[in-house]
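Respectively, the protein sequence lines represent chains P and H. Using this note's numbering, the first residue of the first sequence is number 20, and each one after it goes up by one. Using this note's numbering, the first residue of the second sequence is number 20, and each one after it goes up by one.
Some clues are possibly wrong.
[As the list claims (entries may be wrong)] Simulated restraints, written as ranges between beta carbons of each label pair: (1) H:Q137 with P:S209: 50 to 58 Å; (2) H:Q161 with P:D60: 38 to 46 Å; (3) H:S46 with P:E154: 57 to 65 Å; (4) P:S209 with H:E154: 48 to 56 Å.
[What the hints assert, rightly or not] Negatives, chain H to chain P, calculated, CB over 10 Å: (5) V25; (6) D114; (7) F247.
I should point out that these hints are in silico values taken from the structure, not numbers from a laboratory. Note that the Cβ used here is the ideal one computed from N, Cα and C, for glycine as well.
Protein chains: 2
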Amino acid sequence: MSLELVSGTKSFDGLQQQYRHWSKVLSCPMQFSIFLPQTADREPGHRYPVLYWLSGLTCTDENFSQKAGAQRMAAELGIVLVMPDTSPRGMDVADDPADDLGQGAGFYVNATQTPWKQHFQMYDYIVEELPLLIEANFPINQRRAISGHSMGGHGALMIGLRNPERYTSISAFSPICNPMACPWGEKALSAYLGADTTRWEEYDATVLVGRATLHRPLFISQGEEDEFLKQQLRPEALQMAADACGYPIRLERHTGYDHSYYFIASFIEAHLRFHADFLLRNRLESTLVHFTPDLLKPW
Amino acid sequence: MSLELVSGTKSFDGLQQQYRHWSKVLSCPMQFSIFLPQTADREPGHRYPVLYWLSGLTCTDENFSQKAGAQRMAAELGIVLVMPDTSPRGMDVADDPADDLGQGAGFYVNATQTPWKQHFQMYDYIVEELPLLIEANFPINQRRAISGHSMGGHGALMIGLRNPERYTSISAFSPICNPMACPWGEKALSAYLGADTTRWEEYDATVLVGRATLHRPLFISQGEEDEFLKQQLRPEALQMAADACGYPIRLERHTGYDHSYYFIASFIEAHLRFHADFLLRNRLESTLVHFTPDLLKPW
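Okay, chain P solo, but in the shape it has when bound (with noise of 0.2 Å):
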């Protein structure tokens, strides 16, 4: 698979780029943007650890790179910031007039229905393609961890949740936390997978965290300004299933923000910090390792 590199500037002394290639899962070019801390005072060699940014409706892979003022704390921690487009795009991609279905709105699912099997297939495109890709053409490791906002912190919780041993630590701000249950969920997924609903048990976080054998820390910011709160987030249906089932999930609530960017950049510090505690732990392993249990521990 090859790059081709779209647009690149220096940011706070490290590289922030986009990237086209042709994805094959997705049957469709995609572009993701990348931020790249700078090598110059680290050993040769150095690789560094990723965190995958997955945004919400209507975004691209711009908006977390240019309103989050996350390159600050990933260039100081030294992890890598990997931020894809949020479905496939395209004149011959099945698409929706509403914002919250069809391209800008993929919630990181395989579709199984007409028209939107033949592209929309993110959760394989976010799992396994993507990170095959960057892998293979940047100076990184094998620690991931994932984060995201909305319907892309519904996609964090749902891929780290099913995938413990590809991510060591998963976050979110203001998720869809169980979307089987909320408007924006309902209209996606019945769309994307049909009538059955057993099938959407496998992208809802509620469902997911009391299936899940090994406990990542799992850490969510939510504003309880946030206009979506009631009725789309439901971040107390998730804390309701972590708590009967065990998994020691951190949620902070905080009062006065809202939905958008201005949340995210008040805390993307302590997000970034909460991945580099599991991200930089033994940091010269090149292969991912088991945790131990007190990295299970509530914190």
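Since chain P is already given, all that's left is putting chain H on it; use the hints.
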């Protein structure tokens, strides 16, 4: 003059808000953004100094507030940020199809030519009307600093050099330093001010630096990979003029950075700390003090 709150949320424990008001000077409604640090841990009645930020071509009040990541340091230092729009706007306001003239491209001048003169009085709006409005409605003192980017960097330099009694310190990112001698400036100044170039001199930092009788601290950051550096920005012209008259300016050039907000985000902390040095001296005095000569040395 009354203010209408358009939107607001918390940001770094402070408030990020947008307001709308009628501008008498511009004869149209105007919108601005403001960041107010939180006051809970400060003494009752505390009043903050203000940094005015002027944005570049095509920008609104939102580009800096969303992309620069300035709120973090403004919150820490205790500085209010005021982010005006870049021109009058509306259906009945003159415009041009190009990006570099008309709405979104006011160049911070008082237009004298038809059809621009009816609304395009951005110099008076920024220097006189907006500060009166801000100082009447928010918990701030009369310590003001000014900064900006590109066209707004030109605005900050020009307004700061012409009004040293009103601003403690001046800075700019990638400013248009010599608008009389670049395509953007020649086009805008001839349209707004007419063919008599002696009128243009009042709005050209490279001319004004030689006329300054009071030297305020002045700091410029410039990216070396800026695509507009050679043709439009010309910091070397300003540096030569400043050297010729003994005005100590601090011009920092950074390899690898372009004209984007990634550059601003990388160095906004340095600019805010620079302004804080002057904004926060004798912070309990309610009126602007005359600076002692040691402030005017290069640093």
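Each hint tested on the structure:
As the Cβ distance of Q137 of chain H to S209 of chain P is approximately 54 Å, the hint placing it in 50 to 58 Å holds. Restraint check, Q161 of chain H to D60 of chain P: a C-beta distance of roughly 43 Å satisfies the suggested window 38 to 46 Å. Distance hint check for S46 of chain H and E154 of chain P: the Cβ-Cβ separation is about 59 Å, which falls inside the suggested range of 57 to 65 Å. Judged by the Cβ atoms, the range 48 to 56 Å given for S209 of chain P and E154 of chain H holds: they are separated by roughly 55 Å.
The Cβ of V25 of chain H sits about 14 Å from the closest Cβ of chain P, beyond the 10 Å cut-off, so the non-interface label holds. For D114 of chain H, the condition that its CB be more than 10 Å from all CB atoms of chain P holds, with the nearest at approximately 27 Å. At roughly 13 Å from the closest C-beta of chain P, the C-beta of F247 of chain H stays outside 10 Å, upholding its exclusion from the interface.
Against the hints set out earlier in the document, no violation occurs for any number.
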